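From first to last, the protein sequence lines are chains H and X. Each residue of the first sequence is one higher than the last, beginning at 0 in numbering that gives the first Met the number 0. Each residue of the second sequence is one higher than the last, beginning at 0 in numbering that gives the first Met the number 0.
I should point out that these hints are in silico values taken from the structure, not numbers from a laboratory. Treat the hints loosely; a few may be bogus.
One copy or two, it doesn't matter: identical chains are merged, so the pair holds either way.
Below are the DSS-like pairs computed for lysine-lysine, each with C-alpha atoms no more than 27 Å apart in a straight line [what the hints assert, rightly or not]:
hint, residue 1, residue 2
1, K119, K36
2, K119, K95
3, K46, K119
Since we're looking at a predicted model, the values are computed, not measured.
There are 2 protein chains.
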Amino acid sequence: MDDAATEILEGTHRALYTHGYTDLTLEHIAAETTMSKATIHYYFDSKANLFTAYLEYLYDRYVEQIASVPDDRPRERLQSLLDVLLTTSDAGPNGKFRRAMLEVRAQAPYDDAIRTRLEKFDRFLYDELRSIIANGVDEDMFDEHVDPELTTEFLTAAISGAHTRHVAVDYPMDRLHEAARRYVDTQLVDETPEVIH
Amino acid sequence: MDDAATEILEGTHRALYTHGYTDLTLEHIAAETTMSKATIHYYFDSKANLFTAYLEYLYDRYVEQIASVPDDRPRERLQSLLDVLLTTSDAGPNGKFRRAMLEVRAQAPYDDAIRTRLEKFDRFLYDELRSIIANGVDEDMFDEHVDPELTTEFLTAAISGAHTRHVAVDYPMDRLHEAARRYVDTQLVDETPEVIH
Numbered sequence: 000m001d002d003a004a005t006e007i008l009e010g011t012h013r014a015l016y017t018h019g020y021t022d023l024t025l026e027h028i029a030a031e032t033t034m035s036k037a038t039i040h041y042y043f044d045s046k047a048n049l050f051t052a053y054l055e056y057l058y059d060r061y062v063e064q065i066a067s068v069p070d071d072r073p074r075e076r077l078q079s080l081l082d083v084l085l086t087t088s089d090a091g092p093n094g095k096f097r098r099a100m101l102e103v104r105a106q107a108p109y110d111d112a113i114r115t116r117l118e119k120f121d122r123f124l125y126d127e128l129r130s131i132i133a134n135g136v137d138e139d140m141f142d143e144h145v146d147p148e149l150t151t152e153f154l155t156a157a158i159s160g161a162h163t164r165h166v167a168v169d170y171p172m173d174r175l176h177e178a179a180r181r182y183v184d185t186q187l188v189d190e191t192p193e194v195i196h
Numbered sequence: 000m001d002d003a004a005t006e007i008l009e010g011t012h013r014a015l016y017t018h019g020y021t022d023l024t025l026e027h028i029a030a031e032t033t034m035s036k037a038t039i040h041y042y043f044d045s046k047a048n049l050f051t052a053y054l055e056y057l058y059d060r061y062v063e064q065i066a067s068v069p070d071d072r073p074r075e076r077l078q079s080l081l082d083v084l085l086t087t088s089d090a091g092p093n094g095k096f097r098r099a100m101l102e103v104r105a106q107a108p109y110d111d112a113i114r115t116r117l118e119k120f121d122r123f124l125y126d127e128l129r130s131i132i133a134n135g136v137d138e139d140m141f142d143e144h145v146d147p148e149l150t151t152e153f154l155t156a157a158i159s160g161a162h163t164r165h166v167a168v169d170y171p172m173d174r175l176h177e178a179a180r181r182y183v184d185t186q187l188v189d190e191t192p193e194v195i196h
């Protein structure tokens, strides 16, 4: 991707958290770049195509963010991931970005291109968590009765729900973060006390 | 509430799942009733006021639905509630209604009246689950180490996330339903095996 395209996608990001998704226009995006609407049109022939490219750009950043979490032992890696995913930082543009992304999610049922991209985020997180948990069970660090698929299902839904509740009803995420930490430490980690004879 | 007002709110419900929230107009609502736009205006002086009244009407139905779940022992009541909350029924208007409600949720950060009403739904479910779980711990049916607040936090988030994922990325809820059932049966219920001497 050349520099101009990258500049347009970065401008889309700023325009999105400033104006929200529903009200987003090409004018807003152009105002966040050094380019004209015509130049943006040259790179992306419709707002829909630009937004699809933006979601792919966002997906690459998401994958990088998850990959940057230290590849530690399963328990520690899971906790570090929860730290990244469930830490509330509404300072600066973060809170506005989350609001805009909930709008995008609400649009997904009506828009195949958006839904297909959001499915990639969902699938990526699911696969990542499942692989860590399966690994923990295989290496006898997690309880052998843990079912990696069902546990991942539960964690993925809880993380998604924490985001929606935080944005929609202004509910803090730190309690869920604590609940998820404790779930990992008490329900997944194999801490069968040794029997003393 | 008189019959005309009830008819308008029921019409709002049908118009909402037919047209979605973003595109909803008073014309759509009037078309779902025997009344004119002018009559609807007489009862509710703005679309915003009508929608707020509609969310309160919906809340009362939600409370009734939860209250209709048999008041059984904690484990059974919790499982029955999960059956109600996590059963996918997209037949008829249900699926469209869920899509529209995700739009309403995405609107909440920008609209105090909507957010305040959605908070009531969230709070009601949280309190209901917390009371069942606390009850189960008090009556020694659930493990004494279960923390009712944190457990409720986790369950509420998972239920909310299951709905969002189902609507936004078309993800089935039945796996989460199974995961939640198993969570209740293996993590909450006190099944310490008796020690045989």
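Hints the structure fails to honour:
Of the numbered hints given earlier, the structure breaks just one, which is hint 1.
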